[in-house]
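Visitor: Which chain is which? The protein sequence lines are A and B, in order.
If you use our numbering, the first sequence corresponds to residues 1 to 324, in order.
If you use our numbering, the second sequence corresponds to residues 325 to 608, in order.
Careful: at least some of the hints might be erroneous.
Said to hold, decoys possible - When the alpha-carbon atoms are kept at most 35 Å apart in a straight line, the in silico DSBU-like pairs for lysine-lysine are as follows:
(1) A:141 to A:155
(2) A:104 to B:510
(3) B:483 to A:104
(4) B:510 to B:483
Just so you know, these hints were derived from the structure itself, not from any lab.
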Amino acid sequence: MRMSHIPMLAAAAVLIALPFGAPAYILHLVIQILLWSFIYTAWSLMGRFGFVSFGHGAFMGVGAYVPALLWTYYDVTPWLGIPIGVVLAALLAVVIGVPCFRLKVVGHYFALVTLALSQVVLLSLVAARDITGGSLGFTPKAAGNSWYALQFSDKGTFYAIALILWLVGLSVWRQIDRGIGREALEAISEDEDAAAAVGIDVLREKLRVTVISAAMTALGGALYGQYMMYLNPETVSGIAVSLQIVFAAVAGGVYAMLGPTIGAVLTISLTEGLRVWFGVNFVGAANTIYGVLLVLCIIFMPQGIVGTVQRLKFREPPKAAPAE
Amino acid sequence: MDIYLLEAIINGILLGGVLALLALGLNLIFGVIDVVWIAYADIVMCGMYALYFLYAVYGWPFPLACAVTIAGVAVLGVFVHLLIIAPVLNSAPINQLLATGGLLFFLQSFATLLFGTDFRNIGIRLPIIEIGTIFLSFSRLIAFVVGLIGAIVLYLFLKRTYIGTAIRAIAQDRDIVGLMGVDQRKIYLVTSAIGGALAGLAACMLALQYDVQPFIGNTFGPIIFMICVLGGLGNMIGGFIASFIISQIIAIGGYYSNTELSYVLCFTLFIVLMFVRPRGLFAR
Chain A
1 MRMSHIPMLA AAAVLIALPF GAPAYILHLV IQILLWSFIY TAWSLMGRFG
51 FVSFGHGAFM GVGAYVPALL WTYYDVTPWL GIPIGVVLAA LLAVVIGVPC
101 FRLKVVGHYF ALVTLALSQV VLLSLVAARD ITGGSLGFTP KAAGNSWYAL
151 QFSDKGTFYA IALILWLVGL SVWRQIDRGI GREALEAISE DEDAAAAVGI
201 DVLREKLRVT VISAAMTALG GALYGQYMMY LNPETVSGIA VSLQIVFAAV
251 AGGVYAMLGP TIGAVLTISL TEGLRVWFGV NFVGAANTIY GVLLVLCIIF
301 MPQGIVGTVQ RLKFREPPKA APAE
Chain B
325 MDIYLLEAII NGILLGGVLA LLALGLNLIF GVIDVVWIAY ADIVMCGMYA
375 LYFLYAVYGW PFPLACAVTI AGVAVLGVFV HLLIIAPVLN SAPINQLLAT
425 GGLLFFLQSF ATLLFGTDFR NIGIRLPIIE IGTIFLSFSR LIAFVVGLIG
475 AIVLYLFLKR TYIGTAIRAI AQDRDIVGLM GVDQRKIYLV TSAIGGALAG
525 LAACMLALQY DVQPFIGNTF GPIIFMICVL GGLGNMIGGF IASFIISQII
575 AIGGYYSNTE LSYVLCFTLF IVLMFVRPRG LFAR
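All chains, full assembly: derive it from the sequences and hints.
Guide: Below is the structure:
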């Protein structure tokens with residue numbers, strides 16, 4: 001614990017100093033990394049217990065579109081709109097989760113059901129093109145620099161919000177990692193029937209983590225929308241986003257607190273780096289490399305990058321909590 | 325009856341033929357041996373590019389180009405198994421899904437890198453059949469017939485031949501099959517090759533009616549997974565019928581409102597049926 005303080009303090013110093021010195025472009029990237037890290041962390045809350053959801057695109061879509069639409073058409077402040085979106089996403093998680101968990105739809109069948117859910121949200125957003133703008137995307141009503149509208153002209157404010165959000169995400173991860181629920185969920189992921197036999201309320205435990213994960217994803221989606229000020233069904237919902245969430249989290253490692261964050265750092269810098277180096281002529285280059293890395297990751301390092309590094313470092317199975 | 329509705333229904337039937345053909349190979353891979361190729365539709369996309377280049381760019385005769393495409397995609401299927409599925413075969417099925425998901429990313433973006441996002445057409449214009457005032461696409465009719473024949477042949481192959489029996493057995497218990505004197509590795513390779521060949525066949529038929537582009541897999545991928553589950557995994561005839569149910573929902577829904585909403589209806593139906601009849605519509 002003592003030794004690990006030093007890099008942590010250094011990281012904290014960099015994160016605090018960043019908005020004062022860094023160019024806007026770097027700040028923009030870091031904000032994106034923080035927001036996506038939060039969403040990937042949310043996903044890994046479920047993913048680490050083997051509940052692979054391809055439905056997080058749906059939760060993010062709901063979270064992003066609901067406050068934006070409420071604000072633009074009804075002047076409802078995002079301070080109210082975001083909670084509404086988050087609650088709706090949580091309800092969606094309950095509606096899909098209860099029958100799934102009750103009827104033991106698990107593993108890749110659960111993945112397929114949630115995949116269908118992402119498509120339902122994506123296609124509904126496209127179909128409602130009269131209000132959402134369909135595939136052309138949607139730009140929320142601009143309000144300049146306003147706390148009421150949660151829109152800021154300087155990146156610094158948003159950086160602070162994203163940073164706090166990210167820290168909240170990590171602390172939720174830690175709460176679940178430390179709680180008694182984790183033991184229950186690990187037992188469930190090993191063998192549901194056996195877990196039920198020793199008195200674990202399987203439905204309740206699974207539902208709890210699913211709702212938390214969905215609500216966090218919706219919150220992340222909402223702030224992503226507030227920051228980008230442009231929503232597109234393809235970039236905040238649907239299969240593509242769901243896959244992106246799953247893969248970044250898995251590549252980074254779902255068993256460690258910072259795994260999903262590392263996943264976000266790697267994927268976003270890879271995409272940006274290749275875009276800057278090769279320009280737009282090589283639009284597919286980043287994802288091509290990304291795809292190969294993913295296959296290799298799944299085959300050779302199912303624990304993800306952080307998990308593998310930890311195992312090499314400590315020579316022990318990295319299922320345990322991150323080093324303290 | 326409204327003539328346009330009738331036309332929508334008939335076109336729905338023909339779209340069903342296309343979907344059935346697409347679902348055929350997936351039903352063998354996913355349904356029978358329970359290996360999840362989430363990138364199946366993108367493997368079909370590779371086949372469509374192969375056909376496009378062989379036929380439209382290098383000017384090979386169409387039947388030869390088709391044959392080479394089918395063989396090529398079959399080989400691709402074997403590679404997918406050897407390189408991606410085999411290493412994760414003994415871990416949770418979700419890992420197969422994730423690994424082939426990486427393949428999906430790779431194929432789509434590699435195709436974008438190589439060929440750009442242009443829509444390419446192989447340039448065969450098959451005649452439109454006109455019955456009374458209804459117009460039918462001949463290429464869809466061919467896909468329909470090929471899909472039907474494919475389903476029957478595959479059904480007979482699985483039920484009547486030794487290797488078909490072994491394929492069905494390996495789905496039930498991977499380990500016990502070995503004790504019965506079946507070489508599992510060989511069965512997996514043969515099944516992957518057949519599944520790939522069927523993807524190639526679907527690619528040839530699909531290229532007759534759709535332009536090739538790197539993301540065409542996204543149009544069909546989710547739908548054909550739904551079809552396999554609805555028809556009952558591994559049930560070829562059930563999958564064939566499920567294709568028509570789905571295609572009718574799409575066609576009639578598209579007639580009454582818009583295409584996206586009819587897809588929404590399909591996916592919602594899938595979710596509900598997963599809960600109500602998880603073993604497929606036709607399970608006893």
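Visitor: Indicate, hint by hint, whether the structure satisfies it.
Guide: Now the hints, each set against the structure:
1. A:141 to A:155: holds, 18 Å
2. A:104 to B:510: Holds. Residue 104 of chain A to residue 510 of chain B sits at ~33 Å (cutoff 35 Å).
3. B:483 to A:104: Holds. Residue 483 of chain B to residue 104 of chain A sits at ~30 Å (cutoff 35 Å).
4. B:510 to B:483: With Cα atoms ~19 Å apart, residue 510 of chain B and residue 483 of chain B stay inside 35 Å; holds.
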